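Enquirer: Here is what each chain is made of, one letter per residue.
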Amino acid sequence: MLALYLALGACANPEVVSEGDITGRVVIPKEAATRTVVSASDDDGDGVYTYTTQEITDPRLLGPVYIGAFAGMDTISFPYVHPQMGPLIDAGIRGDTFPYGGDTIGRIDFACYATLSCKVTTSRFSDYDDVLDYFKNDIGIPVVDAYGVEVTDGSAMRQWCYDYFAATSDAEMAFIGDDNLRFEEDGDNYVASFKMRHTERVDGMSLWGFMDAPEIETDQVRVNGTFTTCNPNGGRQVDAYNTQFSEGSSYFDVLNYPSTYVQYGDWVADGEATVSFDSELNQKEDVDINLNFHFSAE
Amino acid sequence: MLVSLMALMLTGCDRDGEFYITQPNPDYPFLQNLGEFRVISKEEQADFLSYSDASMADDELGRHGVYYGGLGAPEDPSFYGGATFNFKGTGGTVCVVVDPELVFWNQAQSPQATTSSYLYLDNTDDDGDVDLDVGLTSYYTGSPGVEMGGFELVYTDPSNQDHTISFSECNQSGSITNTGSHSGRSTVEYCSVDTSSQAGVDFTGVLNTFLLPINDGVVKYAVTVLEGSCTKLTAAPSGIDECFLARETDGAFDIPDEETTEEYCTDPNQPWNPVCLENAFCDRVKVLNAYCEDHFEDDNAPCIDNGVHPPADDAADESSSG
Chain A
938 MLALYLALGA
948 CANPEVVSEG
958 DITGRVVIPK
968 EAATRTVVSA
978 SDDDGDGVYT
988 YTTQEITDPR
998 LLGPVYIGAF
1008 AGMDTISFPY
1018 VHPQMGPLID
1028 AGIRGDTFPY
1038 GGDTIGRIDF
1048 ACYATLSCKV
1058 TTSRFSDYDD
1068 VLDYFKNDIG
1078 IPVVDAYGVE
1088 VTDGSAMRQW
1098 CYDYFAATSD
1108 AEMAFIGDDN
1118 LRFEEDGDNY
1128 VASFKMRHTE
1138 RVDGMSLWGF
1148 MDAPEIETDQ
1158 VRVNGTFTTC
1168 NPNGGRQVDA
1178 YNTQFSEGSS
1188 YFDVLNYPST
1198 YVQYGDWVAD
1208 GEATVSFDSE
1218 LNQKEDVDIN
1228 LNFHFSAE
Chain B
4 MLVSLMALML
14 TGCDRDGEFY
24 ITQPNPDYPF
34 LQNLGEFRVI
44 SKEEQADFLS
54 YSDASMADDE
64 LGRHGVYYGG
74 LGAPEDPSFY
84 GGATFNFKGT
94 GGTVCVVVDP
104 ELVFWNQAQS
114 PQATTSSYLY
124 LDNTDDDGDV
134 DLDVGLTSYY
144 TGSPGVEMGG
154 FELVYTDPSN
164 QDHTISFSEC
174 NQSGSITNTG
184 SHSGRSTVEY
194 CSVDTSSQAG
204 VDFTGVLNTF
214 LLPINDGVVK
224 YAVTVLEGSC
234 TKLTAAPSGI
244 DECFLARETD
254 GAFDIPDEET
264 TEEYCTDPNQ
274 PWNPVCLENA
284 FCDRVKVLNA
294 YCEDHFEDDN
304 APCIDNGVHP
314 PADDAADESS
324 SG
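Top line first, the protein sequences correspond to chains A and B.
In short: position in the first sequence from 1, add 937, done, that's my numbering.
In short: position in the second sequence from 1, add 3, done, that's my numbering.
Errors might be hidden in some of the hints.
Some, not all, of what chain B presents toward chain A, calculated at C-beta under 10 Å [claimed, not checked]:
#: 1; residue: N163
#: 2; residue: D197
#: 3; residue: S199
If you're looking for bench data, these hints aren't it; they were derived computationally from the structure.
Since this is a predicted model, take the numbers as computed values, not measurements.
For each residue, glycine too, the CB sits at the ideal point set by N, CA and C.
Chain B with its partners taken away, still in its complex shape (with noise of 0.2 Å):
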């Protein structure tokens, strides 16, 4: 008896979490500083490709269009990891933006599901999280490449009691309008900035990292600056999605445009790649489940197959013979 609790016991030993704690990468450091922003102006939107040439060009002052990136673990978990940028108020509104690899969603629940474009599970281990804010650059508490820092300043009352204030300018609301929400992982972070009383002054961009992929430990991202207000961009007139910055994923940029085509993304017999996923994921209408089904079988598959919905197309059938 004694003998069978501590096999038991042993047994219950072999599950320490290690798995979740990703591993430094040399290539990566999870603390940077990326320099200087430039905000890409409206016309410049005009045309807007994320990944194109033109948007990820430094201009002549070597300030970043569109970046893409990716951030690493710290040698020890317990420090915060992340990056910052600065870019100059326009005396304007400026929109600021952010999107973590790679897509995530819920799971449908519904009984009639077959109606979601989400009947399948997400694989969550390529998926990461970086949290957006943005302030003056004056009042950024953090080293940028050094130690991260937000933007909030104690106020002591004329009692001597101390109220921390934020001071951050990236208001982000969340479902029940909270000003400081943040989005879960992978999904596209951004905020309108005003800067119209701070022509020509420092604003300082904080990309927090939230949750690395388990696949790899690297959150891969893309981040820029642009001109207008986020709802309102030129660039995005009808707002900013999953796929307004493209092919952030690891290894995105070096898939041949003949494997990001429709006829190719769509053929069962390619193997999945992030760049149908991001788009299959964008176009909504079943078109992401019937991506999932066709790459159930690929090696690190980007659904998973839950069993309990049937094809969509079966689905279909079911319901036009019904």
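Chain A with its partners taken away, still in its complex shape (with noise of 0.2 Å):
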């Protein structure tokens, strides 16, 4: 009788932590992935390129969205909408954001080749084929192996990132697969849903977010693919016999200083996304993240 007691007192103090998931979507033009590319072609095969522009829309385009939840939005210090910052400590140093939580949608990976440290986001890309064509044909700079020979066909990038990370099946590599892929078109919109995991829930706090966009130049393609969060020196140093180089990974700290690494070309949120929840901290209603500021020097 006594447990009967107590098992039923258990249930009915629920454990109640200000931390949980935050759902919602990030919604994002299609004006975002629309850009002017540069294709790379060498028809008679000697290794010289020659290059081709075209304004093209392909989701591929779109970098790692970073998102996150913020006391509030500071629309006066930047050019954008910003999330508030604490106390400016250190000169020259923004002031912290402190975010609750946060998220990305698609992330920096390392696809296999040194050429692609810090230029390949997850959730973009079907196949290593995909890889292969986004290169060559939106960024301009086809994948070329450790010895400099262009990589064509994807079954032998396949045979490479096997070797390279002893995997044995297509579901190790994050960066591609049909399932992965996070963008779905909607009306004039790419649109992808999110889970902010272990975020701390508080009633009205801000969601926002950015789109890292690649650096793509129709008159200088060396630097195209190329992403502003992303620490060319992080990630696992590779030092073998003939070859040194670093994978790269995203800096640790872009939701909290996220002024540093917003730049020309990114597209930002309008921090117009708020969350409220329930005496039981419950999430009273999905939420959008429109990245629908276009960043620019005009």
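Reconstruct the complex from the two isolated chains, following the hints.
Expert: Written out as structure tokens, the structure reads:
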């Protein structure tokens, strides 16, 4: 009898913790994936490329999207809406935004070849051929192997990736897979759902984020495809007998100091997304984060 | 059967860990305020020797140069102990350095360890650890000489959520470049502090007692403040190492100079002393191994023969003959 009473008592006292998952969607205009891209071709196979440009819309041109939950929005300090910041402590360094939680829609990943360091986002590519096509026809820098030879066949890339990562299946490659594609077309937008896990739930908090657009220059392709949120010296350091490089990885404080990383060409949220909770901290409704501001020099 | 079990249980109670709890020492309080430090100028660093009279001398205002001290244990082991000191910003970068006694090394694990300087186990009973922090005095949350504190303050964001912010000016990076790191036992700690916009402003240095040596319950240390960045010190052109602030160990000052010469230190018939050990440690290449081998049988020997590695000379012989 006593045990039954205690058991019932336990049910009446659910554990309430302030952290929980926040759900919603990221909405970004197709315009963000519409760029003048560079296509490289070497028809005669002499190793000398010719370049052509054209404007296309391609969701693979959406770089990593960083989203977070913040106390509020600052509409004064920057040309774009930015999370409110804490006190300035060190000269030349903005205040910390103290995010309550965060997530990404696609993250920077290493795709087997040193030349792809800091240039590949997960959740954008179906397969190896998709990666090779993107770099040749959107970025203008065909993928080359450690010997500088162009990789033209997805199966060759697969074999190299298996060797590099000591992998046995494509499922181990986070940067490819139809099931991993996050953005879907929705009218004039691309839309992706998110679950911001283990986030401090504060009623009325703001959700904000930005898309780090890949660098694309039509007159100087050398820098094309890179992301400002990627640390070229980060990630695993590879020091094989005939090659030395870093795999690259995201900086760890992108959401704490986003203004350090938001650059011209990126798409930034309008900051109008807020989250409400009931008394038991259940999220009342899903939230759309609209990345509808193009931060440009004009 | 029951009697045997009870006997075993009683034996199990034989170990209570009290050995690791050191006792208070009236000569070395667990909380200390060291007072004001002067900043040792670049000119003075030209012929810097940490234990020279000139380096240790107070100036006309009573401000310490290189300070040698010791921190003891509290009555209640749950209390945080440590020391605080002040110095004034110069308008440039200063370097704050602390070196707790004695020296510590990890024994080499490599199968090719005969090429290592660290073949043998360190005797850790004589090692202590103090952790360094520095910040503006106005941000210090402790009461010097009464209660230890730090430089962490709470910022409340617009949604009434509290966030702890460190206002420490002493950023020490670890092997993975995280700030807020500290060296381990017996290892020198230092950090550069930018006082460029705070000339004449008070800074507080904090030495938090992290580990007291088991052998005497007092961690001896040397601490000082020098003009310049720690990576470009006039006093340490090749960098700060274990011997930059030398002789911080208990009794090291009383060792006569003739017992610190190379001839004396390499004589296996002489007993070990902490000055010779520290010099051997800083010389790096195998000197430490040789010093250890010469003194395994000494009282409170500084190294422990692990029985795994052959003496370095034998290994070298085997290597050359092989």
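Enquirer: Against each hint, give a clear statement of whether it holds in the structure.
Expert: Status of each hint after checking the structure:
1. N163: B/N163 check passes; min Cβ-Cβ to chain A is 8 Å, inside 10 Å.
2. D197: holds, 8 Å
3. S199: Holds, because the Cβ-Cβ distance from B/S199 to chain A comes to roughly 8 Å (cut-off 10 Å).
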